[in-house]
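Colleague: Spelled out from the first residue to the last, the chains are:
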Amino acid sequence: MAEIRIKNVAKNFGSYQALHDINLTIADQEFMVLLGASGCGKSTLLRIIAGLETATTGEVWISGRRVDHLSPKDRGISMVFQNYAVFPHLTVFENIGFGLRMQKLPDDEVKRRVERTAGLMHIEQLLKRYSGELSGGQRQRVAVARALAMEPDVILMDEPLSNLDALLRMEMRAELKGVLAESRTTAIYVTHDQVEAMSMADRISVMHQGKIVQAASPIEVYRDPAAEFVASFIGNPPMNFLPAEAAGSGRWTVAGQSFEGPANGKDLKWAIRPEDLRIADQGFGARAKVVEPLGAHLLVTCDVEGHQFRAVLDSELSVKPGDVLTLAPQEGRGRWFDPETTLSVA
Amino acid sequence: MEARLLPYFLILPVTLFLCLFFLYPFALVAQQAFGTENGFSLDNFREVVTYWKFPISMKNTFLLAAAVVPIQLALSLLMATMVTKMQKGRDLVLYIWTIPLGISDLAAGIIWLAIFEQSGFLNSMMVGLGVTEQPMSLLSYQTPWVVFLAIMLAEIWRATAIMLVILVAGIGLIPKEYYEAADVFGASRWKQFTRITLPLLRPSLQTALVLRVILAFEVFAVVAALGGTIFPVLMGEIYAYQFDLQNGGAAAALAIIVLIISIVFTLIIIRALRVPKGATI
Ligand SMILES: Nc1ncnc2c1ncn2[C@@H]1O[C@H](COP(=O)(O)OP(=O)(O)OP(=O)(O)O)[C@@H](O)[C@H]1O
Ligand SMILES: [Mg+2]
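Residue numbers (my numbering), protein chains in the order written: chain A, -7 to 338; chain B, 29 to 309.
Because the hints were derived from the structure by calculation, they are not lab data. The C-beta atom is built at its ideal place from N, Cα and C for all residues, glycine as well. Honestly, I wouldn't trust all of these hints.
[Said to hold, decoys possible] Here are the computed distance ranges between Cβ atoms for each label pair: (1) A/Thr46 with B/Thr126: 30 to 36 Å; (2) A/Glu51 with B/Ile127: 44 to 50 Å; (3) B/Val121 with A/Ser63: 23 to 29 Å.
[To be verified] In silico EDC-like cross-links for lysine to aspartate or glutamate, where the CA-CA straight-line distance does not exceed 20 Å: (4) B/Lys113 with A/Glu332; (5) B/Lys305 with A/Glu86; (6) A/Lys312 with A/Glu297; (7) B/Lys219 with A/Glu86; (8) B/Lys219 with A/Asp99; (9) A/Lys203 with A/Asp99; (10) A/Lys96 with B/Asp211; (11) A/Lys65 with B/Glu208; (12) B/Lys204 with A/Glu297.
So that you can see chain B by itself, here it is in the shape it has in the complex:
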């Protein structure tokens, strides 16, 4: 085979797979979102955007992402640095920290529900310790910030490890000699982190952040388990359109809106963390 054609031949199976299971369904969704009986229209979009729950669910989704992702970024950087510095037991710690990754998001939501429920662990503990006299209803309309906090905690617990794994791999790729040079030339630990680790970690940070931010806009099961209707988010609305209201067109339109938001943020992240031209990392 000609060397020029070989690469294309080799990616053919993957391309076919993607076309079949990604592009084709995507085309169907797009058709559903933009199409009505009388051809192309933006009616579906108009409908979902003007619905009273749209601004709230949009606001909630962004609020949650804005609260969770920076904390996760800081946490995963800290944890990755700690793991990398470990001499022994490094793999064991990493396995334990990544356990939440193996749990489905609904299960994670239910675990945290078991903690925050009226008859849950937290209430039993507080009553047991005599902090409160009676179990309180924590996840209710009266205390939306507790609901928000519970969802935040669950999300942090559940999805920090995915960034951690990427960052650990990225830090492992930075040659030790750069730290030795930084050490000799007077960089403190903190300066080594900001001047060496962070810039050299940019490709991994890009991947981790893109992945995490996209997941943040797709948050659904944890919110459903802990917040229910108290805390509407975009994905929950898509679900409601599709299955409660049987309005596939609106669901598809909202899905496309989420897709556009994800693409915009991906581009922003890639641009913000790009490696300067000529610098090889």
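Looking at chain A on its own, in the form it has when it is part of the complex:
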């Protein structure tokens, strides 16, 4: 049972607070993705779990054991480093087998595991080379193979596929997910690529400025963002926002349209995903500004009462800049946010 509990973890670097009161539980065998913009504290959190960084306050528990005082090697984890940390003086084989050698496993077992994980990462032909002779992407795969070869209970991965080309990355994504599910490994996976996050995660923790804003399943993060930040970070293009004026008894006026919403006294923001809009007889009057044909869809950036508003429409439509479209939201897809707290309002 490799469950990870992070309780009230905060981290200061001098006067700069990189992490604020993080609370997170990652279930046994769960694939948790930490998603956030550059500099939001993903690596710092991962390194605290690994024991490479000490939390200023808070506790880390792995498999029901408090591990704060344990050194990384006693935590039952294995890790892929953001900067790879592949040893330059060892061959690829010895790099992947490094941890196994430290455990004093017999040679044939080391060989078996190294060859298996190298095969998974498609680097079996590189085993005799030194890492200095490898490309960045090859080196990164050595780092992943080295972590997998340990067959750990918990694997921590810091942007492990960031340096691969799109095709290889897609392939490795599936490969990695499959291997980890098969070996029942609990995984924490750091990325700032939301497609990667959506496609791999059991749950996504969205981080922003050292806080976890939302930790939920990919579809929930996408459908019901807990805060404006999540709504504008997840989804490509992100959600549209329009100001909503209270019209009394749970009715709201958004850009001239009347909607049913929360029974709330204050002004709110209304949000809709661009892909949840369609052309209708009744709806927002939107003047098209930029039209981008993306093949599968047509991305139209419009102006609704002075607010930028994007719609993903059918690629067969012919829309020109300057056209005025009438856009209606799909039933039940609008969301409400409190502009003061930026949190979602039900």
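Start from chain A and add chain B with the ligands according to the hints.
Modeller: Same frame as chain A, now just chain B with the ligands:
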């Protein structure tokens, strides 16, 4: 200027300097060593090698190097690791440890002579503590091993820092992330030292050892101060040929022998600590 020629142009001053102050004197020494009135000959070499003091001074020089260099290597590695691990006061400690570097080797020899002499600190202390009744003559023919020990101590004290400085710089160049990875993958502190630090330190170890071993074969002033004629070494013999016996040819021949020994050891060290082909460090 053509880009192809520029590098040569830039190293020209250094090359001229080296030719003038190194190659030219070297040629003169070689000429002196190999030349007599009747042209090229090995007479000078024959003379120095068959002299009764040659095997002893050769043996002493090697013995001293063999005793001192490994200890210095271990010590400087230990000290460099300690300094690197320090959070505060690191520079201060490093400065203090490198003070002996600023002292000339003769002065260092005299400092240690002041300790070991019959009227020196060590004797005063032992008498003061009642360990011995009378000051003893420590550096004498009767106790050659004390002489050897005193020279060893002085050499270790004097010349460990030169390796230390090189190794500290070398360790500082090893990225921290390798230790983090080693930590995660279960390497103990000792394993990190043998599997990460030592292999990645090979270029610095090469430099430090080559420098130190060459210096060990050139040991002179410390030995002269502490051992005098009790402990003859190669450099002392060169000095004796040149200034006591006024035999420049023999001195030059012996100097060339020392040079050859130094070159051989340099090659051995470079080969032993070479980085495998393809591994970048
Ligand atoms: N050792 C350190 N000393 C001082 N500040 C640090 C240190 N490590 C990280 N920080 C700061 O903490 C913040 C979070 O850094 P972190 O490396 O966790 O970001 P990240 O989310 O992993 O970003 P990226 O996606 O770019 O890797 C950053 O603002 C960074 O400047
Ligand atoms: Mg990072």
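Colleague: Give a verdict on every hint.
Modeller: The hints, checked one at a time:
1. A/Thr46 with B/Thr126: 30 to 36 Å: holds (33 Å)
2. A/Glu51 with B/Ile127: 44 to 50 Å: Hint holds: Cβ distance 47 Å, inside 44 to 50 Å.
3. B/Val121 with A/Ser63: 23 to 29 Å: holds (26 Å)
4. B/Lys113 with A/Glu332: violated (48 Å)
5. B/Lys305 with A/Glu86: holds (15 Å)
6. A/Lys312 with A/Glu297: holds (19 Å)
7. B/Lys219 with A/Glu86: holds (15 Å)
8. B/Lys219 with A/Asp99: holds (18 Å)
9. A/Lys203 with A/Asp99: Outside the cut-off at roughly 45 Å; violated.
10. A/Lys96 with B/Asp211: Answer holds: A/Lys96 to B/Asp211 is near 16 Å, not above 20 Å.
11. A/Lys65 with B/Glu208: With Cα atoms ~10 Å apart, A/Lys65 and B/Glu208 stay inside 20 Å; holds.
12. B/Lys204 with A/Glu297: violated (54 Å)
Checked against the numbered hints above, the structure breaks hints 4, 9 and 12 and satisfies the rest.
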